[in-house]
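J.: Quick mapping for you: the protein sequence lines, in order, are chains V and Z.
Residue 34 in my numbering sits at position 34 of the first sequence, and the numbers go up by one each step.
Residue 8 in my numbering sits at position 8 of the second sequence, and the numbers go up by one each step.
Calculated from the structure, these hints are not laboratory results.
Treat the hints loosely; a few may be bogus.
[What the hints assert, rightly or not] Keeping only pairs whose Cα atoms sit at most 16 Å apart, straight-line, the calculated EDC-like set for lysine to aspartate or glutamate is:
| # | chain 1 | residue 1 | chain 2 | residue 2 |
| --- | --- | --- | --- | --- |
| 1 | V | 62 | V | 18 |
| 2 | V | 78 | V | 68 |
| 3 | Z | 106 | V | 18 |
| 4 | Z | 3 | V | 44 |
| 5 | Z | 70 | Z | 17 |
| 6 | Z | 3 | Z | 17 |
[As the list claims (entries may be wrong)] Chain Z side only, calculated, beta carbon under 7 Å to chain V, not exhaustive:
| # | residue |
| --- | --- |
| 7 | 43 |
| 8 | 44 |
| 9 | 45 |
| 10 | 47 |
| 11 | 101 |
Model, not experiment: these values are computed from the prediction.
Built from N, CA and C at the ideal position, the CB exists for glycine as well.
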Amino acid sequence: DARVTQTPRHKVTEMGQEVTMRCQPILGHNTVFWYRQTMMQGLELLAYFRNRAPLDDSGMPKDRFSAEMPDATLATLKIQPSEPRDSAVYFCASGLGRGRGDTQYFGPGTRLTVL
Amino acid sequence: AQKITQTQPGMFVQEKEAVTLDCTYDTSDQSYGLFWYKQPSSGEMIFLIYQGSYDEQNATEGRYSLNFQKARKSANLVISASQLGDSAMYFCAMRVSGYSTLTFGKGTMLLVSP
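So that you can see chain V by itself, here it is in the shape it has in the complex:
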């Protein structure tokens, strides 16, 4: 049963610390997405990649967030320095990238708390 995996599942950190979240997309999927979910804003797209190339990161605060795909099996989202307003659930999703009907499959999420 192929699934998107994310680590860590939970992270509590102090303001100013660096946070790194990791995602392993489903094998064979060529699109990877990072979303953030908060009560106030709902689900927001932060960044997405196709064939490891970043195509849209307009949703990310550029000064502190960065997203990369070092290889096809790993996507990372870093926050440096973290702030309390970054507290949220961060989801990674992957898909086959085959048009409007392509389904995105979500990982379990990383619940981040910044104190």
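Dock chain Z against chain V, hints included.
T.: Chain Z alone, transformed into the frame defined by chain V:
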């Protein structure tokens, strides 16, 4: 720009009854896809059902069906024979052709009572 509207913040239904969760969308594109996801209290996002804008038949997946009314720009999710495990947040989402990203609604919380 695309927009998804889910007007029901919360819905209550008794076990074994059917329930309809509303979703309206706004786009000027003719080619698009509509999705429903379920998010239980455990937090994961689970894909339920997909409907393409050119699909003539309403999509069905087990107890889930999508009531697609293109002229009204609505894509309501119908859950038949509700079960306690259906209690969750439900999100409607849309992708337009040429884009890989999804636009999500704010969600509807469904509570199923015994």
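J.: Each hint: holds or not?
T.: So, going through the hints one by one against the coordinates:
For the proposed pair residue 62 of chain V and residue 18 of chain V, the alpha carbon gap of about 15 Å is at most 16 Å, so the pair holds. A threshold of 16 Å between alpha carbons decides the hint, and for residue 78 of chain V with residue 68 of chain V the separation of about 9 Å falls inside it, so the pair holds. A hinted pair counts as satisfied when its Cα atoms are at most 16 Å apart, and residue 106 of chain Z with residue 18 of chain V does not qualify at roughly 30 Å. For the proposed pair residue 3 of chain Z and residue 44 of chain V, the alpha carbon gap of about 13 Å is at most 16 Å, so the pair holds.
A threshold of 16 Å between alpha carbons decides the hint, and for residue 70 of chain Z with residue 17 of chain Z the separation of about 26 Å lies outside it, so the pair is violated. For the proposed pair residue 3 of chain Z and residue 17 of chain Z, the alpha carbon gap of about 30 Å is over 16 Å, so the pair is violated. Checking residue 43 of chain Z against chain V: minimum C-beta separation of about 5 Å stays under 7 Å; hint holds. Here the hint on residue 44 of chain Z is kept, as its CB sits about 5 Å from the closest CB of chain V, short of 7 Å.
For residue 45 of chain Z, the interface hint holds, the least distance from its beta-carbon to any beta-carbon of chain V being 4 Å, beneath 7 Å. Annotation: interface hint on residue 47 of chain Z holds; nearest CB of chain V at approximately 5 Å, less than 7 Å. About 5 Å separates the beta-carbon of residue 101 of chain Z from the nearest beta-carbon of chain V, less than 7 Å, and the hint is met.
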